[in-house]
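Guided by the hints, dock chains B, C, D, E and F onto chain A, whose structure is given.
Protein chains in written order, with this note's numbering: chain A, 980 to 1309; chain B, 980 to 1309; chain C, 980 to 1309; chain D, 980 to 1309; chain E, 980 to 1309; chain F, 980 to 1309.
Quick caveat, the hints were computed from the structure, so don't treat them as lab data. There may be inaccurate statements among the hints.
FRET-style restraints, in silico, Cβ to Cβ [what the hints assert, rightly or not]:
1) Ser1284(B) with Ala1201(E): 26 to 36 Å
2) Asp1197(D) with Ala1002(A): 19 to 29 Å
3) Arg1233(B) with Ala1105(A): 25 to 35 Å
4) Asp1197(D) with Ala1105(A): 40 to 50 Å
5) Arg1081(D) with Arg1071(A): 45 to 55 Å
6) Lys1050(C) with Asp1230(E): 37 to 47 Å
Positions of the beta carbon are idealized from the N, C-alpha and C atoms, including for glycine.
6 protein chains.
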Amino acid sequence: MLTDSLKAHWPVRRLPDVAHLDAGSSGWGFFLCTRKELRTGRSGAPYLHVVLQDRSGTVAGRLLEDVDRFKDEFEVGEFVRAQGRADRHNQRVEMVLESIRRINPDQDRAEGFREADYVRAAPRPADEMWQELQRLTAGIENQDVRRIVEAIVTKYEDRLRVWPAAVTVHHDYRSGLLEHLLQVADVCARLADVYGADKSYLVAGAILHDIGKVEELDYELATSYSLEGNLLGHITIGVRMVNEAAAGLGDVPRDVVARLAHLILSHHGTRDHGSPVEPMTAEAFILSAADDLDATLHQVRRHVSEGSGDSRFTAYHSRLGRVLLKPSGR
Amino acid sequence: MLTDSLKAHWPVRRLPDVAHLDAGSSGWGFFLCTRKELRTGRSGAPYLHVVLQDRSGTVAGRLLEDVDRFKDEFEVGEFVRAQGRADRHNQRVEMVLESIRRINPDQDRAEGFREADYVRAAPRPADEMWQELQRLTAGIENQDVRRIVEAIVTKYEDRLRVWPAAVTVHHDYRSGLLEHLLQVADVCARLADVYGADKSYLVAGAILHDIGKVEELDYELATSYSLEGNLLGHITIGVRMVNEAAAGLGDVPRDVVARLAHLILSHHGTRDHGSPVEPMTAEAFILSAADDLDATLHQVRRHVSEGSGDSRFTAYHSRLGRVLLKPSGR
Amino acid sequence: MLTDSLKAHWPVRRLPDVAHLDAGSSGWGFFLCTRKELRTGRSGAPYLHVVLQDRSGTVAGRLLEDVDRFKDEFEVGEFVRAQGRADRHNQRVEMVLESIRRINPDQDRAEGFREADYVRAAPRPADEMWQELQRLTAGIENQDVRRIVEAIVTKYEDRLRVWPAAVTVHHDYRSGLLEHLLQVADVCARLADVYGADKSYLVAGAILHDIGKVEELDYELATSYSLEGNLLGHITIGVRMVNEAAAGLGDVPRDVVARLAHLILSHHGTRDHGSPVEPMTAEAFILSAADDLDATLHQVRRHVSEGSGDSRFTAYHSRLGRVLLKPSGR
Amino acid sequence: MLTDSLKAHWPVRRLPDVAHLDAGSSGWGFFLCTRKELRTGRSGAPYLHVVLQDRSGTVAGRLLEDVDRFKDEFEVGEFVRAQGRADRHNQRVEMVLESIRRINPDQDRAEGFREADYVRAAPRPADEMWQELQRLTAGIENQDVRRIVEAIVTKYEDRLRVWPAAVTVHHDYRSGLLEHLLQVADVCARLADVYGADKSYLVAGAILHDIGKVEELDYELATSYSLEGNLLGHITIGVRMVNEAAAGLGDVPRDVVARLAHLILSHHGTRDHGSPVEPMTAEAFILSAADDLDATLHQVRRHVSEGSGDSRFTAYHSRLGRVLLKPSGR
Amino acid sequence: MLTDSLKAHWPVRRLPDVAHLDAGSSGWGFFLCTRKELRTGRSGAPYLHVVLQDRSGTVAGRLLEDVDRFKDEFEVGEFVRAQGRADRHNQRVEMVLESIRRINPDQDRAEGFREADYVRAAPRPADEMWQELQRLTAGIENQDVRRIVEAIVTKYEDRLRVWPAAVTVHHDYRSGLLEHLLQVADVCARLADVYGADKSYLVAGAILHDIGKVEELDYELATSYSLEGNLLGHITIGVRMVNEAAAGLGDVPRDVVARLAHLILSHHGTRDHGSPVEPMTAEAFILSAADDLDATLHQVRRHVSEGSGDSRFTAYHSRLGRVLLKPSGR
Amino acid sequence: MLTDSLKAHWPVRRLPDVAHLDAGSSGWGFFLCTRKELRTGRSGAPYLHVVLQDRSGTVAGRLLEDVDRFKDEFEVGEFVRAQGRADRHNQRVEMVLESIRRINPDQDRAEGFREADYVRAAPRPADEMWQELQRLTAGIENQDVRRIVEAIVTKYEDRLRVWPAAVTVHHDYRSGLLEHLLQVADVCARLADVYGADKSYLVAGAILHDIGKVEELDYELATSYSLEGNLLGHITIGVRMVNEAAAGLGDVPRDVVARLAHLILSHHGTRDHGSPVEPMTAEAFILSAADDLDATLHQVRRHVSEGSGDSRFTAYHSRLGRVLLKPSGR
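So here's chain A without its partners, still in its complex pose (with noise of 0.2 Å):
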């Protein structure tokens, strides 16, 4: 039970970002709630287990007092504003909470409350990103390759701008695959110019390697697998999509589809990572080297900057399974 001298040591001030709570951080914010859940505590009183979003980050929520008033005051999938106090448990922080309740759009916004504020995203503008997508797209030389890419950008332009890369490990938020197809295309190409490899289909291949993730994922606030995208998988769709762009431009060589069908099956480098058939040229090995490592450095410095504490060291990171030597000087 949270006691009444305890709550009279929370000031109303404004609480910090996602990122920067950490135990004794008090107040009330505006979030976006991704879960809600009525739990029942091993004392056997219920209480109501929330996840809140900022740009910055995510935090658990807790509220264990009057549960039957608040939660009728919020669903999952609407901003709300929240008050109560950071603690750490088990080493991560999470929120007690006070008070819980919707946005009231016109009264909030008179204190800064901001959509955008509140949904994780690329840190680039998407519509700068499109803008450098459109310019890559059209800089490609092989005029069959650089068609196939303008269908399919086109087609799916509504999804790409906003879509994420993945539900989680890398780049998991609004305009994330954008953000890192950009960036492995950015890396093809100059690896391109080092190899003197095929910049047509390397490009292509940076842009098009990941874009069945627009079908494979279901993305609103949330993002999960699609019925297709359990069965088939982002790697298949993403060649289906191919197919029919060359079906409906009706002239292309098949060995052109063929090439770039290639790029995006061997893109996850082995089979054993997912790939059916594994890099057979240049262009193929080179995509997957850069897809790899943009994947690996996103993990990386997410959780550089997510740790905390003086250690020179970062704390475990299960999926890579070591720690991290944290950049001096930053």
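Then chains B, C, D, E and F, alone, in the frame of chain A:
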């Protein structure tokens, strides 16, 4: 050099079929020539290396004398009449050839030459297998599933009737693909009964799981990988065929297409074996087990049947990584 | 603490069976108690942790109040009458118990208590399965093989009728071993027809492959590993049983014993999965595939049947390493 | 909350040592506090989480009441007097603490407090082990080898006397490194006799194989990885120490240095276990086997000794991936 | 063809033993012929391929001329007198033979022929090793354990005295099994002292761990796998021998039998290496490590001793996957 | 035997370079002889086996006649003039030699002999590459890092200019190490821009990652492993060079040394590939990816360039485990 005394020992009787050649066999026979190379022996002298085939198997041969005369008397891919003696070299039977020339149909038919005897093929007649496939297809209860299978089977009938299932390993001969898919369908239908699985999808999956092989492989009298076969693989090609058939029919629910594609994609059982997604339905688990068992047993039986000698065990099978027990009483 | 207002909401109706419990279910029921521990809650107060079971499944329960009174009212392994409310905790249903006591047979039978309803068991009656096993055994053509199987099956009848096939994973309930071996024998007999394999050995191998489990596992109402089970494993125990049966019969050819033992030894398919030798006969390959498929499909069906909610896919199955597609229309 | 009636049950007798604590033990004891955290319970109330240690083991404890009063009465790394009751939670024994404060040496020595009783350490006295190491080193026949070992052992004497061999897993306590290297040297010397291997190199390798750990690990009363420990690892650090010692001596043949470095580099046996080169001499094979066996047996014995209960087998050992048979008669 | 001028260079002196043959060695010697095949050379001419052996090793030989005359002068498995010249072919020494015939005992003994010189055997006399085994067995303290070992060792004495430990790899010669088990027992006894393990079980395990090899392998002058060897493997055969010995004694506690069987079953260390169960006792871990080390060091020493040339390193050892450093000064 | 009629066909024109030899090429040429062995043919006659090399590649040759005369006319490691004819044997081109003798510089220079033409070397001139390395080093911003790189590069200049990067696999020719490190540095610098990584460390890591190879390998005109190369490996040697350079400079912070050493240690990416520690910084991940990609692409390009024939795909590349698609239009 072949001494005259040796030649004198060669009677001009008919050779046994390839499977029954052994050291000491001598005489003449008809064959399909599937390889022909001019090589240089360790002594510096040129010789002809050939591979000869009849329905029962293949044998390598060397023609050491009169190379200049015989080397233009036939080409690879032609039926030939060859004369010589069999020897055992490093435990393998090889032919030392005295003469070789292409078939003269008019004259050689009189001696019993018949093309079909020299092409390795499935044990059952293609027509009989084709009719069984027709019956199987017609018996698929789920209408959407049946229409897709019919469309594909009809479109690729010419190839399906004669295609091998592989370059090597198993069912690597004329109509081997048809033989394999019927066997897998038989197993799947029986297992569907035991486990109450969806027989429409299971039989369709059995028929279509390797359908991409009709484009993955090029087959005339020899078998090799096509450009798309190498770059995409039969799994991805097979899924494309399902997508095209569904597009052609126009009104097939996406779920049906996804479930059929899932059966094709997952039929190798694990990513490690080249399936980009792994079985997620009872039907996919059954199909994958049936396919694997059929391919394994084909290798087991061939290896057992090809072995010779009195030992209770076969020679080491390098792909399976073990020796096999010969069935007693066979 | 359970507040009085909450208690007031608990009607004293009969609880649904375990498989149908969900958050909000409340009332009383009969169960088998398979675990009972006195634990200390985070708050420092002791509580009773129990696991309750009926034929449809198992559920954990906590009794938080009057612990001293109830803790001597029943023991693990006894049938009990318990009353309380179901909650959902971390996505699992749990019971918060109000009271629990051992069955009073005279009185409780009047309310419908019947032991068999609270022991998880194979779906088919043991007697029916036992008769099927008798028929199967009698139908083995090879006399030497049949006599060994008969000797073993007769000797271990008592255990074979009731033993589970595993502590967890698959067929882990009363008569689960009998259910599993009959299913595997059914599959093996069908595959023997398809592949012309030796049905005597295949059916015998199916019956005997897991026979060592009757000594590997101790089973009363709970299942655990015996000393020999841990130190030797069921494969080695099963081979010992074949050796003993052959010694008892006196005149069985060594080859027959060796071939039967080979089927048991190799039925896990690879050394990696615990088979000290790997399949060397068509029969051994078939048995190993049938056993693996049966165990896998048992897990698939259980996982699908236990899932709830509207999603087309189940929750992640950690042993299989994937989600599963729920069959449509079921 | 701890009720008064419960408190009344706590006699103020002396607690048994940590290894003998079980549910129901209560009283007071001296400990080393190796962890101290202010946490928030599920109910929202703060509590102190501590880890207490004596020579026999470690136990977690929670202080739930009067947190404000006790939280400043001691710090992590200090010796403390604590009073409370042991419970079993999820099969592990934990303490619920009533009070805790730092040692008052004058007063507490009277009750038998002695620092050494609360620091986990190797079973043999460090001095005795150090003298054994001196004898071992002096007994190395090959002069070049002996001089390198002497130089290193002398330089790092302070650390060698007290360092643990690991953060966890095996020999993870005061002087554990010394204990481990003497044991490995003992085994190596005996195996050198059996196999006629070069005892100078083998004993030197045994002494030096883990020497890098004195810089890989930081150790005060707790153990952790140093910056160089993480970035380089003890194998590379150990090779550097050999290089530096050889450079200091000036006239050691390069071959000797290379063979010693090879023993250190290859002592994990395979690249997979972190050895950049694998054993290439009989001595390197023996050292690697001896090191592995010693580390494994240390885990086996600890796990067996820590187990309780009547079962013939221990609980599952997750690192070894199995249960262990308890020695009979112990 | 062997020219006359070459023949003239062959003096008729005695050849060195096989281990010392090198390009240029010529003369005659006595051997055991362990392989004899009539092959056809690349030039079409038949030649005799033989493998000749003395205690120091084996060498392949080719007889190119007068094949008809010599081919009936000896059979495989006979001792022979052969004359010829050694050459180096693909870095291996081979013999080009001039003549070969079976031994004429009366006449050839005069020239020093003695059967034992041409059979590869363990370096120590079998009688001496047998007596050591007797002493070892008699010294086992645990009576039940000793009686089982005595029963088995007595029953299989004839084979134990002469059996090889393997077809190839290590200890693959007369009495190699006895040599190996004594060595492993020696190591185990020493490690039992270091680790306070149960010496009765350890020594018994060392003696019995490979006992199944006396039935797994057929051995006359050559070694091959028996039917049961292939189908069951020596581990399972060894356990059967323990079971039979215990049944014969009648009153051995089941625990003793199970612990001995566990040592045999787990001595390959991991399932991956063919142990159906993995070590669960300190004794099993020690036995498995000792067996592995002994087998590895046998390969290391043989490879080092067989190498020639000035290099500090041996040729690549394909089974160990590396080159080995030659001991200096040897 | 080489018949006179064949010899008559050999015109005495100049042979093409090795890369352009094909069956039928005949004439004379200059080469470096990198292997020379006296072997015995299957027929029993001795012949000379040689390997001849020019900048474009290597070719094996056999001299079958007048062996006694020619065998003393040249030694391995000398430049030679050889005459003969090329044949294709088992799909590889080999030379049948008529004559071979060492170069007579005075006379042969007149015919165009120039040493550099017969040594395989990197495509760019060593001087040009060396200057690029100097510029790269000078451009490292972090002073401590730059001083270490300068010290090492300066110390090993002689070797760095000419050393190969490997015995086989990739960059296995004169100045191949320099070519490889510049390429990797180029890639790393570009990726540092994309990912905002620390360019000083990345470029230094690229220059130093394989520096240990100048002592791991012995290189004159052939390449082989040194004693330390085998026992320690280039990774450990490279770290020692960094330690020595830092010790020589005296005032480099330990952190800088540790971070540089970490880049070298982790550059194989995983322990499995020989890195005792795995990447823990963004720079280490990038370096490891760049190194792996450069080595792979070198193999890809060589394999593609060495292939011949009309096929769209290369022959199977056993190290990469696949065929490769030839770039179209090349």
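Here is how each hint holds up against the structure:
1. Ser1284(B) with Ala1201(E): 26 to 36 Å: holds (27 Å)
2. Asp1197(D) with Ala1002(A): 19 to 29 Å: holds (26 Å)
3. Arg1233(B) with Ala1105(A): 25 to 35 Å: holds (28 Å)
4. Asp1197(D) with Ala1105(A): 40 to 50 Å: For Asp1197(D) and Ala1105(A) the Cβ distance comes to about 47 Å; the hint holds.
5. Arg1081(D) with Arg1071(A): 45 to 55 Å: violated (29 Å)
6. Lys1050(C) with Asp1230(E): 37 to 47 Å: Cβ of Lys1050(C) to Cβ of Asp1230(E): about 45 Å, so the range 37 to 47 Å holds.
Against the hints set out earlier in the document, a violation occurs for number 5 only.
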